[in-house]
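Protein chains: 2
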Amino acid sequence: MASWENPVSVATFLSSNDFEKRSKADSQDTSLIDDARSRTYDAVCIPLTTSRWRDRWREMCVMSSEPDGERNESVELRAEAWRANPVFEMGEVTITSLEEAEGVIGMISDWLELDAFDNWVGHDSEIALQQELSYASYLDIQTVILPPPSNRSQIAAYGRVVNACLARTPYMQFSIRLPIYNPSIFQANSCRTPTQHESTSLHPSISSAPTTPIRSLEPRTVSSTRASEAELNATWEMWDAIRSICAYNPRLTLTLDLMPPLPSVLGVLNRWAAEPIRHLFVPASTFIANAKGYPVLPKGSQSFIRDVMKVWPYRALLHRPVVILSGTTTGLHTKGGEAAYLQYVRHLDKTSPAVIQAKTAGTVEHFARGYQDYLQAPLQPLMDNLQGITYQTFEQDPVKYQKYEEAIYAALSEPPRSDRSDKIIICVAGAGRGPLVARCLSAIARVKCNAFVYAIEKNPSAYITLQRRQASEWKENVHLLFGDMRSLSVPEPADIIVSELLGSFGDNELSPECLDGAMRFLKPNGISIPSSYSAHMAPLSSSKLYNEVRAGKDEKASETPYVVMFQAVNILSGQEDDDGGRCGPQIQECWEFEHPRRDVMLDDRGLPVTNSHNVRSAKLSFHIPHAGVLHGLAGYFEAVLYGDIGLSIHPHRKDHISKDMLSWFPLFFPLKEPLYLPSNSELQVFVWRLTNQRQVWYEWHAESFLPVLRPLAETPKAGSLPMVDGRGSFATATSTPFAPPSPLVDAIDNPFLVPGDQLFKEAAKREEEDSKIEAGVVKIGQTSLHNPGGRSSWIGL
Amino acid sequence: MASWENPVSVATFLSSNDFEKRSKADSQDTSLIDDARSRTYDAVCIPLTTSRWRDRWREMCVMSSEPDGERNESVELRAEAWRANPVFEMGEVTITSLEEAEGVIGMISDWLELDAFDNWVGHDSEIALQQELSYASYLDIQTVILPPPSNRSQIAAYGRVVNACLARTPYMQFSIRLPIYNPSIFQANSCRTPTQHESTSLHPSISSAPTTPIRSLEPRTVSSTRASEAELNATWEMWDAIRSICAYNPRLTLTLDLMPPLPSVLGVLNRWAAEPIRHLFVPASTFIANAKGYPVLPKGSQSFIRDVMKVWPYRALLHRPVVILSGTTTGLHTKGGEAAYLQYVRHLDKTSPAVIQAKTAGTVEHFARGYQDYLQAPLQPLMDNLQGITYQTFEQDPVKYQKYEEAIYAALSEPPRSDRSDKIIICVAGAGRGPLVARCLSAIARVKCNAFVYAIEKNPSAYITLQRRQASEWKENVHLLFGDMRSLSVPEPADIIVSELLGSFGDNELSPECLDGAMRFLKPNGISIPSSYSAHMAPLSSSKLYNEVRAGKDEKASETPYVVMFQAVNILSGQEDDDGGRCGPQIQECWEFEHPRRDVMLDDRGLPVTNSHNVRSAKLSFHIPHAGVLHGLAGYFEAVLYGDIGLSIHPHRKDHISKDMLSWFPLFFPLKEPLYLPSNSELQVFVWRLTNQRQVWYEWHAESFLPVLRPLAETPKAGSLPMVDGRGSFATATSTPFAPPSPLVDAIDNPFLVPGDQLFKEAAKREEEDSKIEAGVVKIGQTSLHNPGGRSSWIGL
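Quick note, the sequences are listed as chains A and B, same order.
Each residue of the first sequence is one higher than the last, beginning at 1 in full-length UniProt numbering.
Each residue of the second sequence is one higher than the last, beginning at 1 in full-length UniProt numbering.
Please keep in mind that the hints were generated in silico from the structure rather than gathered at the bench.
A few of these clues could be false.
Just so you know, same-sequence chains aren't split out, so a pair can sit in one copy or run between any two.
Result set (PhoX-like, lysine-lysine): computed pairs, CA atoms no more than 20 Å apart in a straight line [said to hold, decoys possible]:
#, residue 1, residue 2
1, Lys299, Lys350
2, Lys310, Lys350
3, Lys310, Lys359
4, Lys475, Lys423
5, Lys448, Lys423
6, Lys672, Lys350
7, Lys654, Lys556
8, Lys335, Lys292
9, Lys672, Lys553
10, Lys672, Lys659
11, Lys556, Lys672
Whenever a hint applies, use it, and build me the whole structure from the sequences.
Now the structure itself:
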């Protein structure tokens, strides 16, 4: 298995031509594969069949292009015999022994037309594919690459065949070759000539329509390099349709064909990072010559390859992509020969910033190795007592406790506290094994003030550690208190309460409820560190995380949030200004908690009467610039410890606020069913923090909208506007159709409305306006409500 | 339970005013309910709380509108105490005993704002709702009506609360009151004044936004009666969002408020027939006066009520809707008094064409009583031997066998056969208990030709019946053959093969495969009756069928087609001309089978070498004029028996081709997950008939598309058009965004493209064109692939 230590795997593609040339010169085909291996390639990718098989299949199954193509009974009988019992003949396959096949990536005949417009060609292509897969399976080939789909409008046919083959051929990995966009779109105005691929079935009873091939593996010159968003969308959309039809089968992956030149701004290409790319197919023609004539990749291809290679190989089935080079022996570039391509790709990998970062101690990337896209249940430190090892892990954070010390130092240095000679009482609420106690003592020492520390802890095991540290380190500067901060009695009120109860989403480890209980022993003008924290969300696409959540086969698994170090994900939302400011920013704040909160009604013990004040809800509007599939929501937090000292895992701000902090990975709120979002759509996300007497939980839900054309008269009328909310988001309007004026217009059944009447005239005028068209918005989908009633995940109070 | 025999149930609504007036005059409130019952109403609908409760709740939870609304600690403490332990005081509820409550439909306080923009008002409304539901549950009230949602943009909040209450209150039926459209939209340009409903929480920390009430139950005059499609869509869309959030809970139903005047053309209103309507709320103000001054309903309301009342009560939970009359004692109409409204509604029901039809013997409606929306597994007569009772049921069809006799008569009368003196051989392939044999003999007698009948049957039990009939009726005119028509040897070749092997979808009982086997003994110029048959489909919405399929809790239940007599359904597709002919008609043909088929390769037994020629696939494009939810596909068949004599269950043609034929209900292909389709969208349906050596099965899948705006330059270029299919459907284009020109435009990384170059100029020109906008289409969703590999339903060969 590939890993950071084992650098990028590179394979070479041997074409049928290579085999045919060699078999003429030398009967020992095996040496061709051995030869390639000896040139230090990690793997070899070869077509499984020869042109002899292609010729026989076409003779049987495809109508010849001559107009005199009369029905030939003997050919038709041969075809039926083949359909009944598909079999190869010698010379129709490239490999015949297990030894040759070992470690080979098999390329399925690329002339098969699984999505042909001609039903018979499609049918016979499916039989031929099954035949080839059976043979690959016999040879114990682990991975095959399927030819790309040709027709967007036939994508369901392609997907259905792949799905059937996945079911019929267990264990084998299927990888679909797909150009990163469709270069045939560039052949504008070039006279289109029929190709061999436009097949018509021999079968006379079914007519056929032409197909357009996008599958050439040969080097070619592209006549223009302009790829619009639509063109870049098209191939992803095909991939998405196929894998959705195949129900996200984990054995189905992508072989991205990088032949078309790439733009240097990633933008719309980010989506590929969230998809299971198993191979990158890089023909020699993709390389350009550097000043010295050696082959190098254009900047766009460089950064794209580095980006998709970041995927961490933590599971056997999720390798880093293998780079497959083709055409490297054709001498397309003047310098360096075949070896130059291979060396260049290895160099590209070795010098990738992501690889370098992961090898550097102290970075989040280094710390998180092995945790990427791994689902962890969030901690419940209030209900469960943490283990020593958990404390130890989090105490290693080089940033978090330093920020705490700075915050305590700043709080102690503020005039009202630093001026007076009274003793300052600090209370650490939830001391754990004592890291915050130690930081309090350092801060006190730095400020040189008269301060005393109480340390409260409810975990009896951690309390032993605290007692040991008090006896050996802290002595009389610290007073330990054992118990729950919500009920424990504290000897004297505190000036400062310091706590570290935050979860990845801020309040998800019940910090609000715990600190509510601690406010009893805070002085009226006392302060809390942290003083506030907020929860943030962004819409996320990740087929990997979607499959990880489903892997447990427990239906409730998709109704609970997870702690995840995101890797193969894509945030679907765009920046605020992408859509003229209708929606919010890429990552949006859900809500905030402040401490101390002065407006809560307390009972005679000083505790809140109900937990209603900790209920929250948020409605967020995201603009989705590029089509994608929503698999869940990313959750982040940001906290103000004191003044301008904070902690943050908000992707845009964390480096500014608390760079290299390791303690929190984001939260992932999964969806039961993926939600398809077209380009330029709007996503409305609803999230609630709910509570009853004993529990706290989150529920979440989303609706999607799209701008459309509609008759002008269906605009909500001025003065009525019942659907406008505070944000002015367009999705608050009702759904309206783009359709000819409704037949209802002529069918008013109102006995009170008569011609000549003022209302009648108004109605007639409105009808006139119906002929005008303007832009509106319609709802296009919604998700389930997730985790209703805290069904899958409540947090015990 | 209501039924056709028990006519429509009518309830009366007693308002809080009624209770308050009465309680001032007379302390015995009970008599009010008893009074209503004595006036021959079937049920009574009353609000559960009084204005005293409303006043106390508002005092606790809603900020007074005075600007000096300072925070009042004692009120706030009372509110917190109530939140902790919600309780009513005497005089705050209308009913206090089980006896009073018996059979009552409870109306939940209609001033609750579950979807308030103010989070606190929403939160406290939820607590109040729970409190009211607990009390209703204590009183053993079976059904409650919830106040309507007020704000489209807050619909998720409303839905979440309803879902939580459904979970918390088992057994109770929840019905959501919803005006058929939102009349507030009609108050155009009227100066909008704040109402009591615009509540702001007492809680000072959270700001609020205004809400618009649509919940008035009082009679009112509507200022205009124009309802656009958008307005008619809006309430349905709210209902759909709520029930989707509530996961189609079968205890959640609708109370449609018919106060707004209805258009007389149903069109967009058809969708309600597919929804679970439990009550129709009809205020006296909806009635108009007839010439004599008596209250009658406008034509639109009449036909709508009759339409939704058609729903058949075959399950305890699925009653016919109850009509709730309100305001009938206010003397709004001069003649007839209160009784006139009740009498009118009963008259409307009794004279409904649907009711009359269901009572008339010989109609499909009469025959199908009790089968509406009932899911049946399709017959598999090839694999299973049918029971006598099944034969008997189908032999009752008054039309089918008459059509067969006409077809046989016509075939015998045609010159090549009627002219010659040779004996004509007719073979009944699959004779069952003999109905076709008898029809053959009648036809022979009518034509007076020299003909002989062979009758083949493979069901050994039915073969006994055949032997009995031969001995007693047919004698030497008929020769019986026992065995499978695909392998049996027949003494002499037939001129005519007659079969009745058709299923609801035509080929779904393996007629093609069976007749392939029978063609061995058909003369070269022989004919088959039927000579051809075709399968047809339409997209269907039906929350009832969706829930019926899910009720089995077997995941595979949604991957098998069912035979269903459709009732509470709505065909979502529009007519061909609705969208300028881009899509096909409302119901579309999938494929056809013809017999005899001359082009099939046969083996030496005369049987097809493979079954490949019976594989079929279809791609259909439907225009969806009005927003709806796709729950499945309706399947129909049409057959040509001979010449212009046929059988059809195609909804548009059955009455023309074979009126009153009873033998086939349509087929229903369900979806695992509902697919939301906006107004003016396009649905592409893919359906396959697949086969292997032993089995035949169907797979199905759908994709949805919507027209949008997009930059002009992203139109597919002339000459490339890789995505156009034969139908010219717009959905074959790639998805494109409506967005500012992509940033990629400026980021081309192409070493070969230099200024001055012709290609460079062309690219620059294209950028210019990007600023123009035109209409395009984007994909918006897709379903799963259903029944892949015949997982849930194959038909054994």
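Now the hints, each set against the structure:
1. With identical chains, the CA atoms of Lys299 and Lys350 are at most 20 Å apart within one copy only, with a shortest distance of 16 Å there and 78 Å across copies.
2. For the identical chains of this complex, Lys310 and Lys350 are intra-copy neighbours only, at 12 Å inside a copy versus 72 Å across copies, given an alpha-carbon limit of 20 Å.
3. In this assembly of identical chains, the alpha carbons of Lys310 and Lys359 lie at most 20 Å apart only when taken from the same copy (13 Å versus 72 Å across copies).
4. Within a single copy, Lys475 and Lys423 get their C-alpha atoms as close as 17 Å, which meets the 20 Å cut-off; across copies the closest is 120 Å, which misses it.
5. In the homo-oligomer, the alpha carbons of Lys448 and Lys423 lie at most 20 Å apart inside one protomer (12 Å), although the nearest pairing across protomers, at 123 Å, exceeds that limit.
6. Taking the shortest alpha-carbon separations for Lys672 and Lys350, neither the intra-copy value of 39 Å nor the inter-copy value of 47 Å comes in at or below 20 Å.
7. In the homo-oligomer, the alpha carbons of Lys654 and Lys556 never lie at most 20 Å apart, since the shortest distance is 32 Å inside one protomer and 47 Å across protomers.
8. For the homomeric pair Lys335 and Lys292, the shortest alpha-carbon distance inside one copy (8 Å) is at most 20 Å, but the shortest distance between copies (102 Å) is not.
9. Proximity of Lys672 to Lys553 under the C-alpha cut-off of 20 Å is found in both arrangements, the shortest distances being 12 Å within a copy and 17 Å between copies.
10. Taking the shortest alpha-carbon separations for Lys672 and Lys659, neither the intra-copy value of 34 Å nor the inter-copy value of 46 Å comes in at or below 20 Å.
11. In this assembly of identical chains, Lys556 and Lys672 lie within 20 Å of each other by CA distance both inside one copy and across copies; the values are 9 Å within and 18 Å between.
The earlier numbered hints that this structure contradicts are 6, 7 and 10.
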